[in-house]
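*Asks:* The listed protein sequences correspond, in order, to chains A and B.
FYI, the working numbering numbers position 63 of the first sequence as 63, with every residue one higher than the one before it.
FYI, the working numbering numbers position 23 of the second sequence as 23, with every residue one higher than the one before it.
Calculated from the structure, these hints are not laboratory results.
Keep in mind it's a predicted model, so treat the numbers as computed, not measured.
A portion of the hints provided could be inaccurate.
Unchecked claim - For lysine-lysine, the following DSS-like pairs were computed, each having C-alpha atoms within a straight-line distance of at most 25 Å:
{"hint": "1", "chain 1": "B", "residue 1": "Lys27", "chain 2": "A", "residue 2": "Lys49"}
{"hint": "2", "chain 1": "B", "residue 1": "Lys41", "chain 2": "B", "residue 2": "Lys83"}
{"hint": "3", "chain 1": "B", "residue 1": "Lys47", "chain 2": "B", "residue 2": "Lys37"}
{"hint": "4", "chain 1": "A", "residue 1": "Lys131", "chain 2": "B", "residue 2": "Lys47"}
{"hint": "5", "chain 1": "A", "residue 1": "Lys49", "chain 2": "B", "residue 2": "Lys47"}
What the hints assert, rightly or not - FRET-style restraints, in silico, Cβ to Cβ:
{"hint": "6", "chain 1": "B", "residue 1": "Asp30", "chain 2": "A", "residue 2": "Tyr122", "range": "31 to 39 Å"}
{"hint": "7", "chain 1": "A", "residue 1": "Glu48", "chain 2": "B", "residue 2": "Asn85", "range": "26 to 34 Å"}
{"hint": "8", "chain 1": "B", "residue 1": "Lys37", "chain 2": "A", "residue 2": "Arg60", "range": "33 to 41 Å"}
We put the beta carbon where it would ideally sit given N, CA and C, even for glycine.
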Amino acid sequence: MILMQGKGVSKGAANGPIYFFQRPNTTITDAPAADIEAEKGRIVAAQEKSITQLNLLADRAREEAGDESAMLFETHAMFVEDDDYVECMMNALEERHCTAEKAVEIAGEEFSTMLAAMDGSYMQARAADIKDVTRRILNNLIGIAEGGIDSEEPVILAADDLAPLKHSSWTSPRFWASSHRGAPATATPPSWPAPWASPPSAAWVRR
Amino acid sequence: MKKFEYVITDPVGIHARPAGQLAKIAKGLDSTVTIGKADGKSAVVTKLIAVMGLGIKQGDTVTVTVEGGAEETNAAAMEQFFKNNL
Numbered sequence: 001m002i003l004m005q006g007k008g009v010s011k012g013a014a015n016g017p018i019y020f021f022q023r024p025n026t027t028i029t030d031a032p033a034a035d036i037e038a039e040k041g042r043i044v045a046a047q048e049k050s051i052t053q054l055n056l057l058a059d060r061a062r063e064e065a066g067d068e069s070a071m072l073f074e075t076h077a078m079f080v081e082d083d084d085y086v087e088c089m090m091n092a093l094e095e096r097h098c099t100a101e102k103a104v105e106i107a108g109e110e111f112s113t114m115l116a117a118m119d120g121s122y123m124q125a126r127a128a129d130i131k132d133v134t135r136r137i138l139n140n141l142i143g144i145a146e147g148g149i150d151s152e153e154p155v156i157l158a159a160d161d162l163a164p165l166k167h168s169s170w171t172s173p174r175f176w177a178s179s180h181r182g183a184p185a186t187a188t189p190p191s192w193p194a195p196w197a198s199p200p201s202a203a204w205v206r207r
Numbered sequence: 001m002k003k004f005e006y007v008i009t010d011p012v013g014i015h016a017r018p019a020g021q022l023a024k025i026a027k028g029l030d031s032t033v034t035i036g037k038a039d040g041k042s043a044v045v046t047k048l049i050a051v052m053g054l055g056i057k058q059g060d061t062v063t064v065t066v067e068g069g070a071e072e073t074n075a076a077a078m079e080q081f082f083k084n085n086l
């Protein structure tokens with residue numbers, strides 16, 4: 001038996017599987033990439049994953065709220081594969097020999113700035129859409145599961161830092177449902193106890 | 001090459017939703033479809049962000065150019081789309 005101690009976040013007692021969550025390093029640097037072709041491949045894979053996720057969200061929105069709300073996600077999916085946006089990423093890779101993350105960030109910046117510079121609140125909102133889409137592609141590149149954790153059943157969560165995650169959303173039926181229907185598994189729990197030299201500072205029981 | 005002119009009637013101009021539908025439809029055609037504004041700026045309609053970047057508003061006259069493939073049929077389909085959606 002392994003006895004583990006941490007700072008309690010939820011009240012009461014619970015049993016169940018334990019889930020280790022470690023926030024991946026999300027700092028994007030200007031460091032040169034070793035293999036530009038490999039970086040291109042990573043972008044393509046992250047795009048495909050983003051489109052799959054968005055189409056899933058669109059289907060769910062259509063079931064729950066009709067075509068009108070599905071259109072937002074469909075539009076985001078179309079942004080993901082927009083020729084100019086993708087070309088901008090690929091050009092950044094070629095010209096700067098940067099990482100896929102940096103290239104995606106550059107393209108997101110360029111296109112959201114372009115739309116934000118246009119008249120009207122409508123275009124400002126589309127600039128925000130581009131930022132959302134860029135964030136989604138980056139999350140898929142870096143390997144952050146949407147909503148923080150990816151489990152089919154309620155878990156006892158152990159993390160080195162829970163603060164950046166939105167606790168309140170974890171118990172909401174909506175989050176629960178979205179986790180159930182599954183963003184693909186990306187945040188693989190590290191094998192115990194290698195990354196945990198010291199006990200996690202927090203634990204959270206998800207009901 | 002086939003061309004037609006159209007005056008935008010949609011109050012929001014060419015926004016994401018119809019621009020997205022337009023891109024989707026145009027991708028299925030064997031012609032290159034370009035949309036141009038009176039100020040000379042233009043974009044290939046399959047490029048969603050570029051089309052939105054033109055900032056086409058209600059009352060603007062646009063020129064739609066259909067090149068290559070089944071120009072006649074595709075131009076007619078495009079014209080119908082503009083009438084129904086924009």
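*Asks:* Each of the hints needs a verdict: does it hold here or not?
*Replies:* Evaluated hints:
With a C-alpha separation of about 21 Å, the suggested pairing of Lys27(B) with Lys49(A) holds against the 25 Å cut-off. Straight-line distance between C-alpha atoms of Lys41(B) and Lys83(B) comes to about 22 Å, which keeps the hinted pair within the 25 Å bound. Between the alpha carbons of Lys47(B) and Lys37(B) the distance comes to roughly 15 Å, so the proposed pair stays at or under 25 Å and holds. Distance restraint check for Lys131(A) and Lys47(B): the Cα-Cα separation of roughly 18 Å lies within the 25 Å cut-off, and the hinted pair is therefore satisfied.
For a cut-off of 25 Å, the pair hint linking Lys49(A) to Lys47(B) stands: about 21 Å separates their Cα positions. A hinted range of 31 to 39 Å for the beta carbons of Asp30(B) and Tyr122(A) is consistent with their spacing of about 32 Å. Distance hint for Glu48(A) and Asn85(B): a CB-CB separation of about 29 Å, consistent with the stated range 26 to 34 Å. Checking the proposed 33 to 41 Å range against Lys37(B) and Arg60(A) shows it holds: the Cβ atoms sit about 37 Å from each other.
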